[in-house]
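Under the working numbering, residues 145 to 469 are what the sequence shown spells out, in order.
Please note that the accuracy of each hint is not assured.
As the list claims (entries may be wrong) - In silico DMTMM-like cross-links for lysine to aspartate or glutamate, where the CA-CA straight-line distance does not exceed 25 Å:
#	residue 1	residue 2
1	LYS277	ASP258
2	LYS315	GLU176
3	LYS325	GLU445
4	LYS277	GLU209
5	LYS148	GLU202
6	LYS173	GLU209
7	LYS148	ASP198
8	LYS148	ASP238
Calculated from the structure, these hints are not laboratory results. Given the structure is predicted, the values throughout are model-derived calculations rather than measurements.
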Amino acid sequence: MEQKILYVVVPCYKEEEVLPETASRLKVKLTEYIDAGRVHPDSKTLFVNDGSSDSTWEIIRSLYEEDSIFAGVNLSRNRGHQNALLAGLMEAKDYADVAISMDADLQDDINAMDEMLEKYAAGSDIVYGVRSKREKDGFFKRGSALAFYRLMRSMGIEIIGDHADYRLMSKRALEGLARFKEVNLFLRGIVPMIGYSTNVVYYERASRFAGETKYPLKKMLSFAFEGITSLSIRPIRLISVIGLLSFLVSLAFLIFFIVDFALGGTVAGWASTVVSIWAIGGLQLLAIGIIGEYIGKIYLEVKERPRYIIEQTLIRTNRRPDDLA
Numbered sequence: 145m146e147q148k149i150l151y152v153v154v155p156c157y158k159e160e161e162v163l164p165e166t167a168s169r170l171k172v173k174l175t176e177y178i179d180a181g182r183v184h185p186d187s188k189t190l191f192v193n194d195g196s197s198d199s200t201w202e203i204i205r206s207l208y209e210e211d212s213i214f215a216g217v218n219l220s221r222n223r224g225h226q227n228a229l230l231a232g233l234m235e236a237k238d239y240a241d242v243a244i245s246m247d248a249d250l251q252d253d254i255n256a257m258d259e260m261l262e263k264y265a266a267g268s269d270i271v272y273g274v275r276s277k278r279e280k281d282g283f284f285k286r287g288s289a290l291a292f293y294r295l296m297r298s299m300g301i302e303i304i305g306d307h308a309d310y311r312l313m314s315k316r317a318l319e320g321l322a323r324f325k326e327v328n329l330f331l332r333g334i335v336p337m338i339g340y341s342t343n344v345v346y347y348e349r350a351s352r353f354a355g356e357t358k359y360p361l362k363k364m365l366s367f368a369f370e371g372i373t374s375l376s377i378r379p380i381r382l383i384s385v386i387g388l389l390s391f392l393v394s395l396a397f398l399i400f401f402i403v404d405f406a407l408g409g410t411v412a413g414w415a416s417t418v419v420s421i422w423a424i425g426g427l428q429l430l431a432i433g434i435i436g437e438y439i440g441k442i443y444l445e446v447k448e449r450p451r452y453i454i455e456q457t458l459i460r461t462n463r464r465p466d467d468l469a
């Protein structure tokens, strides 16, 4: 059986504390695969520096100079995790037969790649790494994660539960991903749209090896909102439903007041009027905000600005991209 070139794509943002250990563990794992004949000797770990202000890129460059098993991509500026990951995957697409993406913090179990490659060899084009349990997470994080996945599915978004961006993708899956041109990226929702044969590998997620999390609560909420508005129009449809319900409620109040007046009652004072004005005004502002968010996304999409710009690429390979065509 022909050996396949594997690229492990690792987006990095201010990961100077953990990067040497991540590189060491990935080198051991890739060397193990190469020695066993499971992957081609030209397989590599591709680190993508997302405009880090620390020494992350210097470390990546040093790793590249020391060993050809490492490769690097340096973005011209910080573009966010999803764009950095996409940049690495698109670069890997030109050289590799299969790519595995994972974060640099060593929370993803590297050994889960063994089963991913087995499922790839059995015919799966996409293999998702899924957390088997969340016992190490606090009550709030577990609850918010569950609410997030339920909300996404209620919005009609196909998403894999308890899956981050630890996944294997074949070359044709990467080529399928390249056909999605949107600027507003949410890869966890886009990848399932590609189709092809998929599978799942379960693993236990560890604590961050070193450094600080790059996803505090504020960023997580922003990420969730980005995913919903990038992949679903149900929030806009929900505005129509709320508007209809508000109209029906106003009709009910009108009938009540007419009947009450006919029976000799008097209409209540300012309280009901003020509450109604504030409620309707608040709904209107919320609706305008949601519509504005979608208009803003349309504005970004039609400008067709580049999702990322690569400043420098460091890859030593014996095979050209044309050789894989």
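A quick look at each hint next to the structure:
{"no.": "1", "hint": "LYS277 x ASP258", "verdict": "holds (20 Å)"}
{"no.": "2", "hint": "LYS315 x GLU176", "verdict": "holds (22 Å)"}
{"no.": "3", "hint": "LYS325 x GLU445", "verdict": "holds (9 Å)"}
{"no.": "4", "hint": "LYS277 x GLU209", "verdict": "violated (39 Å)"}
{"no.": "5", "hint": "LYS148 x GLU202", "verdict": "violated (30 Å)"}
{"no.": "6", "hint": "LYS173 x GLU209", "verdict": "holds (19 Å)"}
{"no.": "7", "hint": "LYS148 x ASP198", "verdict": "violated (34 Å)"}
{"no.": "8", "hint": "LYS148 x ASP238", "verdict": "holds (13 Å)"}
Violation of the numbered hints given earlier is confined to hints 4, 5, 7; the remaining hints are satisfied by the structure.
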